[in-house]
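Visitor: Throw the hints in and build the complete structure from the sequences for me.
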Amino acid sequence: MHYVKDYLNSLKEGNLLGFECNSCKHRWLTIQNFCPNCGSHDIKDTYLSKRGKIVTYTILDVVPTNFKDKAPYAIAIIELEDGSRIQARIENIKDKDLLGRDVTFEKGDEEGLLFKLE
Amino acid sequence: MKNVYVAGVGMTNFGKSERLGRELALEAAISAIEDAGIEPKDIDATYVSSAFGIGENQVHVGPLINSALGIPDRPSLTIESACSGSSAAFHEAYVALSSGFYNIALVVGYEKLTMNSTPENTRLFAMASDFWYEGLNGVTFPGLYALMATAHMNKYGTSEEMLGSIAIKNHRNGFYNPKAHFRKIIDMDTYLKSPVVAYPLKLYDSCPFSDGAAAIILINEDAKIKKSELVKVLASVRSGSMAALQDRNDYTGIPGAKIASEKAYKYSKTSPEMISFAEVHDCFTIAEVMAMEDIGFFKKGDGGKASLEGITQFDGKKPVNPSGGLKAKGHPVSATGIAQIVEIYDQMLFRVDKNRQVSNPEIGLTHNVGATGGSVTINIFRRLK
Chain A
1 MHYVKDYLNS LKEGNLLGFE CNSCKHRWLT IQNFCPNCGS HDIKDTYLSK RGKIVTYTIL
61 DVVPTNFKDK APYAIAIIEL EDGSRIQARI ENIKDKDLLG RDVTFEKGDE EGLLFKLE
Chain B
1001 MKNVYVAGVG MTNFGKSERL GRELALEAAI SAIEDAGIEP KDIDATYVSS AFGIGENQVH
1061 VGPLINSALG IPDRPSLTIE SACSGSSAAF HEAYVALSSG FYNIALVVGY EKLTMNSTPE
1121 NTRLFAMASD FWYEGLNGVT FPGLYALMAT AHMNKYGTSE EMLGSIAIKN HRNGFYNPKA
1181 HFRKIIDMDT YLKSPVVAYP LKLYDSCPFS DGAAAIILIN EDAKIKKSEL VKVLASVRSG
1241 SMAALQDRND YTGIPGAKIA SEKAYKYSKT SPEMISFAEV HDCFTIAEVM AMEDIGFFKK
1301 GDGGKASLEG ITQFDGKKPV NPSGGLKAKG HPVSATGIAQ IVEIYDQMLF RVDKNRQVSN
1361 PEIGLTHNVG ATGGSVTINI FRRLK
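If you read the sequences in order, they're chains A and B.
According to my numbering, the residues represented by the first sequence are 1 to 118, in order.
According to my numbering, the residues represented by the second sequence are 1001 to 1385, in order.
Keep in mind that the hints are not guaranteed to be accurate.
To be verified - Simulated crosslink set (DMTMM-like; lysine to aspartate or glutamate; CA at most 25 Å straight-line):
1) B:K1354 - B:D1250
2) A:K25 - B:D1250
3) B:K1155 - A:D95
I should point out that these hints are in silico values taken from the structure, not numbers from a laboratory.
Guide: Spelled out as structure tokens, the structure:
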């Protein structure tokens, strides 16, 4: 079992520290102490895959104060190759049709998760 | 369980105010007390809601309201539940009154936001997400609803024009609501040409940041009051959904809204077909589409089409947001849940502008959502003859 701090530290090392359910094998990133799929408490720490596809997305023009110089950027829900789903930022957006696009982990830091289009 | 009734309502103008949040709350509370024809000393308990009071260096507002009303000895509870704060407060009051523990409650929600810049409010609103896994990445509140909009448009073919028809309807209704933030009729061209905020959502898909307050007096059957114009609470149900969007199986609806409305129909022995009109949480136009589908007004995927066909106009078969909704009436976050109930009450007493008066307001429903659905309240009300 890990905490948010451990997740943030994993990002700096280039990893996505998440969870896997020993009972149903469901995998996820957010801090949930019981499996969101089957409710089991028998879960373990695991590193999630770093490649996936965009399931849904938005492109933001109006952004929080601390992201002002990065706009416009996309925020996407990405289904990773291991089936887990995460939310990440994608910068340098050139076209508006991003559904189903392949993406990979670029970096993670105090500005959260950054993925890039392949 | 004892029967519970709304006995009086009050609301400030929604929009930009120079006054403090606590002053707005007090104004709404006094209006509701006067409307119910009671004295502050008749109140057994006060439920107050605000989400961003900290921006005014003021939390723990319940005792301030009670002190100002001359009833400092009465218990107060100050509740936060993102955009569903005051419907959560309403639910807590309903539980206490239906149990018979209290007989008369004051419920008030308020928010003061317009002193902040849009980027600052955008930053504050992102705090209602699962911050470390959503807000930290730079997603905004409109962005989270835009993720749902993209999914809904892609899966069901919901179009820009369908979303536009919701913005146009709610602006039209708001035009006839003297307390609305925006009293401006818009057309499809204006809607389509408005700037993008969070693709695919535009400025006219979005509700504003507003200042304002709304209050009600809620009573149970044992309360001794003179007023006879009461609206009966048939059901008040709260539910929730996984806090982070990515942890849900589907992004085209809000699971907690479906669960809460199914229970509310069961408890009230009603059905979607029996509801005369609804006030739903249209923080963005796509949210009204999902709301109408989640509460069973329309089949999944048909919400946008129904709106484009005019079914949800105030004089249509299924009026939705005759107040102007969050879109035009405005969205002072924690005032919204009670403001929806104010509209139900005023509609049932036939005291709104005839240009938005629902013709047969027998059973009304309110649908209030906190953040992206982490919290949901569904209430159902009946007009008494």
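Visitor: Can you list which hints this structure breaks, lowest number first?
Guide: Violated hint: only 1; rest satisfied.
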